[in-house]
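K.L.:
The chain contents come next:
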Amino acid sequence: MADLRPLTALGADTARSARFGALTLTERPDIALASLALRAGAAEPAPFGLTLPGPGGLSGSQDHAAFWTGAGQWMVLAEGRAETDFAAELRAVAPGCSVTEQTDGWAGVDITAPGADPLERLTERLVNLPPEALAPGRATRTVLHHMPVLALRHSDTRLTLFAMRSAAASLWHALETSAQRQAVS
Amino acid sequence: MLIPHPLLGLRDAQEFTYLGDAALLDRPSPEGEGAEAAFCDYVFLRGNPAGVHRELWFHEQGDRSWLVVTRNTLTHEILGAELASKVAKALKGAAE
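Respectively, the protein sequence lines represent chains A and B. So in the UniProt record's numbering the end of the first sequence lands on 185, straight run, no missing numbers. So in the UniProt record's numbering the end of the second sequence lands on 96, straight run, no missing numbers.
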């Protein structure tokens, strides 16, 4: 039987991580994602006890978090659960909703810094958004280097970006280049 | 150019794609007298105003909502934006 090795989106056995000045980039292949959409006229569920956030919002913790992606649509994520059938779990706690597995469609990169300032300096170069759209507890879908990305600001010191998995290397390149420039400036 | 998205606030126009005249939301009935002529106008005729224009924009790189944006075609000033779903519902309500 073939010996199949799971690879991360960036093509390695283990998640890539690199540090540029105050910024640390870390690939996150462990985050499970599933989309949740309401059917017409359905009531909002509260999967895993989460309050589904309004436009531009992000709620939850490391175990389970949800962010708004469109009218009546959310993405739900769970850290460290990428190898489980997370969509089935979500489907069980969101009866009557449309749930779709998303984990393998995306490549996630965490950007962390000791304070908010280096992250804000990076995002003001990378995405054309008002700073309050990426304040802690906010998440949005936007464009970065012509790629659609999901940007989640968990806290002052942590931002997670998800790009299409096939564009993982492009996302990493864009982040690496900007972070490097910021480190020397 | 920034578009004031009714749910997400000011967003760069690059996140949007443009469709055209918002009159497209008001599709004529396919039944009754003159339906064919009405459809012909609906499909082929567009106003081309020099001034305030209501047009459909799609937030493709955002929440994928359709907006009705009021824009001055002479100055490119954006005068407002509303969700196309709300506008369409209001049209439907007015017709009934």
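If you're looking for bench data, these hints aren't it; they were derived computationally from the structure. Just so we're clear, the structure is a prediction, and the values are computed from it rather than from any experiment. Just so you know, not all the hints are guaranteed correct.
Label pairs and their computed distance ranges (CB to CB) [stated by the list, open to error]:
id: 1; chain 1: A; residue 1: Arg39; chain 2: B; residue 2: Leu45; range: 15 to 23 Å
id: 2; chain 1: B; residue 1: Gly80; chain 2: A; residue 2: Gln180; range: 53 to 61 Å
id: 3; chain 1: B; residue 1: Ala35; chain 2: A; residue 2: Arg39; range: 56 to 64 Å
id: 4; chain 1: A; residue 1: Ala183; chain 2: B; residue 2: Gly9; range: 53 to 61 Å
id: 5; chain 1: A; residue 1: Ala43; chain 2: B; residue 2: Ser85; range: 14 to 22 Å
id: 6; chain 1: B; residue 1: Phe58; chain 2: A; residue 2: Gly80; range: 34 to 42 Å
id: 7; chain 1: A; residue 1: Asp117; chain 2: B; residue 2: Tyr42; range: 50 to 58 Å
id: 8; chain 1: A; residue 1: Ala42; chain 2: B; residue 2: Glu60; range: 22 to 30 Å
id: 9; chain 1: A; residue 1: Gln62; chain 2: B; residue 2: Lys92; range: 43 to 51 Å
id: 10; chain 1: B; residue 1: Val43; chain 2: A; residue 2: Pro114; range: 57 to 65 Å
id: 11; chain 1: A; residue 1: Gly105; chain 2: B; residue 2: Gly9; range: 23 to 31 Å
id: 12; chain 1: B; residue 1: Cys40; chain 2: A; residue 2: Gln62; range: 20 to 28 Å
Counterexamples of contact, computed for chain B against chain A with all Cβ distances above 12 Å [as the list claims (entries may be wrong)]:
id: 13; residue: Leu2
id: 14; residue: Pro6
id: 15; residue: Gly9
id: 16; residue: Glu33
id: 17; residue: Cys40
id: 18; residue: Asp41
id: 19; residue: Phe44
id: 20; residue: Gln61
id: 21; residue: Gly62
id: 22; residue: Arg64
id: 23; residue: Ile78
Just so it is clear, CB atoms sit at the ideal spot from N, CA and C, and this is done for glycine as well.
K.L.:
Take the hints in turn and mark each one as holding or not.
P.N.:
Right, here's what the structure says about each hint:
{"no.": "1", "hint": "Arg39/A with Leu45/B: 15 to 23 Å", "result": "violated (37 Å)"}
{"no.": "2", "hint": "Gly80/B with Gln180/A: 53 to 61 Å", "result": "violated (42 Å)"}
{"no.": "3", "hint": "Ala35/B with Arg39/A: 56 to 64 Å", "result": "violated (33 Å)"}
{"no.": "4", "hint": "Ala183/A with Gly9/B: 53 to 61 Å", "result": "violated (31 Å)"}
{"no.": "5", "hint": "Ala43/A with Ser85/B: 14 to 22 Å", "result": "holds (19 Å)"}
{"no.": "6", "hint": "Phe58/B with Gly80/A: 34 to 42 Å", "result": "holds (36 Å)"}
{"no.": "7", "hint": "Asp117/A with Tyr42/B: 50 to 58 Å", "result": "holds (54 Å)"}
{"no.": "8", "hint": "Ala42/A with Glu60/B: 22 to 30 Å", "result": "holds (26 Å)"}
{"no.": "9", "hint": "Gln62/A with Lys92/B: 43 to 51 Å", "result": "holds (44 Å)"}
{"no.": "10", "hint": "Val43/B with Pro114/A: 57 to 65 Å", "result": "holds (59 Å)"}
{"no.": "11", "hint": "Gly105/A with Gly9/B: 23 to 31 Å", "result": "holds (27 Å)"}
{"no.": "12", "hint": "Cys40/B with Gln62/A: 20 to 28 Å", "result": "violated (59 Å)"}
{"no.": "13", "hint": "Leu2", "result": "violated (9 Å)"}
{"no.": "14", "hint": "Pro6", "result": "violated (9 Å)"}
{"no.": "15", "hint": "Gly9", "result": "violated (6 Å)"}
{"no.": "16", "hint": "Glu33", "result": "holds (33 Å)"}
{"no.": "17", "hint": "Cys40", "result": "holds (33 Å)"}
{"no.": "18", "hint": "Asp41", "result": "holds (31 Å)"}
{"no.": "19", "hint": "Phe44", "result": "holds (32 Å)"}
{"no.": "20", "hint": "Gln61", "result": "violated (4 Å)"}
{"no.": "21", "hint": "Gly62", "result": "violated (6 Å)"}
{"no.": "22", "hint": "Arg64", "result": "violated (5 Å)"}
{"no.": "23", "hint": "Ile78", "result": "holds (16 Å)"}
Hint violations for this structure: numbers 1, 2, 3, 4, 12, 13, 14, 15, 20, 21, 22, all remaining hints satisfied.
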